[in-house]
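Listed below are the residues making up each chain.
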Amino acid sequence: MTAFWLLAPIMVLAALGVVLARKAVHSALLLAVVMICLAMMYAMQDAPFLFAVQIIVYTGAIMMLFLFVLMLVGVDKTDSLVETIRGQRLVAVGVGVLFGFLLVTVVAQTTVGPVIGLGEANADGNVHGLARLLFNRYVFAFEATSALLITAALGAMVLAHRERLEPKRSQRDLALERMQRYAEHGEHPGNLPTPGVYARHNAVDVPALLPDGSPAESSTSKTLRERGVVREGAFQNDVAVTLRKLEADGSPRERGVIETGRSNGAEEDQ
Amino acid sequence: MSEFFGNEPWWVVLIKALLIFVVLVVFTLFNIWFERRVVARMQHRVGPNVWGPFGLLQSLADGVKLALKEEIFPKNAHKVVYFLAPVIATVPAFLAWAVIPFGPEVTIPFTDTQTPLQLTDMPVAVLYILAVTSIGVYGIVLGGWASGSTYALLGGVRSSAQMISYEVAMGLSLVTVFIYAGSMSTSEIVAAQAEDGWFALPLLPSFIIYMIAMVGETNRAPFDLPEAEGELVGGFHTEYSSLKFALFFLAEYINMVTVSALATTMFLGGWRAPWGISQIEGANEGYWPVLWFLGKTLLFIFVFIWLRGSLPRMRYDQFMKFGWKVLIPVSLAWIVVVCVMRRLITDGDLDPTMILIVAGVVVAALLVVQFLPERRAPEEPEPSRDAFAGGFPVPPMPGEQPPTTTAVPAGTRGEKED
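So the sequence lines, in the order shown, correspond to chains A and B.
Every letter in the first sequence is one number past the one before it in our numbering, and letter 153, counting from 1, is 153.
Quick note, our numbering runs 270 ahead of the 1-based positions in the second sequence.
Because the hints were derived from the structure by calculation, they are not lab data.
No experiment lies behind these values; they were computed from the predicted model shown.
All C-beta atoms, glycine included, are put in the ideal place defined by N, C-alpha and C.
This list has only true hints and no planted wrong ones.
Cut-off 30 Å, straight-line C-alpha distance, at most; resulting in silico cross-link-like pairs (DSS-like, lysine-lysine):
#1 B:339 - B:349
#2 A:222 - B:345
#3 A:245 - A:23
#4 B:595 - A:168
#5 A:23 - B:345
#6 A:222 - A:168
#7 A:245 - B:345
#8 A:245 - B:339
#9 B:349 - B:335
#10 B:591 - A:168
#11 A:222 - A:245
#12 B:335 - B:345
#13 A:245 - B:349
#14 A:23 - B:349
Computed beta-carbon distance windows for the label pairs:
#15 B:633 - A:190: 47 to 57 Å
#16 A:159 - B:586: 20 to 30 Å
#17 A:190 - B:594: 30 to 40 Å
#18 B:644 - A:202: 45 to 55 Å
#19 B:338 - A:147: 51 to 61 Å
#20 B:310 - A:190: 29 to 39 Å
#21 B:279 - A:45: 19 to 29 Å
#22 A:72 - B:279: 45 to 55 Å
#23 B:324 - A:171: 37 to 47 Å
#24 A:130 - B:312: 46 to 56 Å
#25 A:203 - B:664: 33 to 43 Å
#26 B:647 - A:170: 16 to 26 Å
#27 B:647 - A:155: 45 to 55 Å
#28 A:90 - B:335: 51 to 61 Å
Stretch-level coverage of chain A by chain B, calculated; a stretch enters the list once three of its residues show a Cβ under 8 Å from a Cβ in chain B:
#29 29 to 40
#30 47 to 57
#31 63 to 72
#32 121 to 127
#33 180 to 192
Chain A with its partners taken away, still in its complex shape:
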């Protein structure tokens, strides 16, 4: 019972956090905490197999997929609080309260007696007991569920499938194309120059310098150039620009940030 009273408050707090957290990733993390606590509850109730499977399947695989999607679909934005359906929030609160009322009334009317038959069910060990049920008595339900899951997976694959209209270009084709471009347009076939060569920094937004001191455009990423965030590589302006940027960002004395008052040596440490 001690484990229950230790885990229950954590679970309730984490569950509240799932609803109340502003950032989607924080919600996902707190949901993972709830799931792990749930797994421990299973372990406590003499269900070691369910404990391991709960963590492997839900925490290890499903939550991880959630996190993946959240991370790749711009997670930095906090959710907007504008309602897309009018009155949605009000209705949600109403339904939530009703549901809570229902739960409390139902749970309050039940009594929990001592557990009967657990020792019998776990006689050959928990895993064997479960296996016997799954693969004997409930084998059709089990197989039907797995067929359903496979159908769903196949459906997802079909929906996401894209027919390839032209043959895939191999490394050889690409190399030939590159040489063809060189022959026809004189485009250099080798690697593009890396950013920061002969410049003051080697950051991605600092172009390499040509022998005459002018910046080599092709050394920086096209995306950065189009966003207009490429810095000048030339030495004289660079220090001033960096300092101005730091001033604009504020809190220059924070740890890990270049201090304004110090000489150029500090910048090279970054």
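Starting from the known structure of chain A, arrange chain B on it as the hints suggest.
Okay, now just chain B, sitting in the frame of chain A:
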């Protein structure tokens, strides 16, 4: 499973937990030194050899230096998650060792207390190891995300995709061991191998798949794509420094030891002495088995280092294709084969010696095929070389007469600046 597990006095549990912690940290220090020395030997260098006997104290000094470095919080980092990520990566790495058996039941020195050399065991011990290692992936993903940097995010996504995919192949390769041992508890699997011999032999395909999957699972060379420095700088730990980086480092090395220890337990007879030594009286009793166990684990770690010293890194798409299209289908098919064989043997329809004979014949046939002389394909006449094929210059092949020098036509010089 011994009746000791779960019923031991608290001080015994405490001592064993502490010992596991100490052993793991010391083993990590040793492994860093071992890796550097072995890789150095493979590359005709010496490696660290100054501090301490054979340079053994080098990693200790490096560790202290690492811990004393400046700690940096990047401006874009999500502070709480950034701080928690290395902890989430490290704690499960230690937790997995709770169910690894180091040896049989022994008497604690200076007392009469008997205890098995294993912190605890449970009916689903191996699943438990898979479960806690899957929590360890969170540390990597969150570390990559919370750093607020593109390199770290890509590294984190890559490494978690890799670990999840290879965990499937790893889990499937262990299924056949469960079928053979009739249990998922580590101590019972070791006991089963005392009767049936090491599972690495009858379950050779599983063993090979496990060996490949364990390298992918721990992000080690040649599968160290999350840390491909040419593409991603440092991967998920690009922005980490000082102790937080040290924790990631520690977690990676402990995970390496964990999968090695699991391989030892599942396939190489765990702590039981190898054949030859096991004939000696008392080789499987007392504290000796710890030596065999650590020796076998070290063997796997040597394989890790060997791979790192000899193989180049794979390309990411090839690596994923290999995991999903080769390892997983092969292990699924192998599981079906093992199930059918087990069923036939238990029903008495099939003699185990029969299987051995068939397997022997197949292996012998394969060997014979290897020695057959290859039929040589008729040699195609080499096409005469055109020094300016399609208008661009082609360098001569080795041993070929260089073409006469011709001026490059104007306008075809590589002018990348415009």
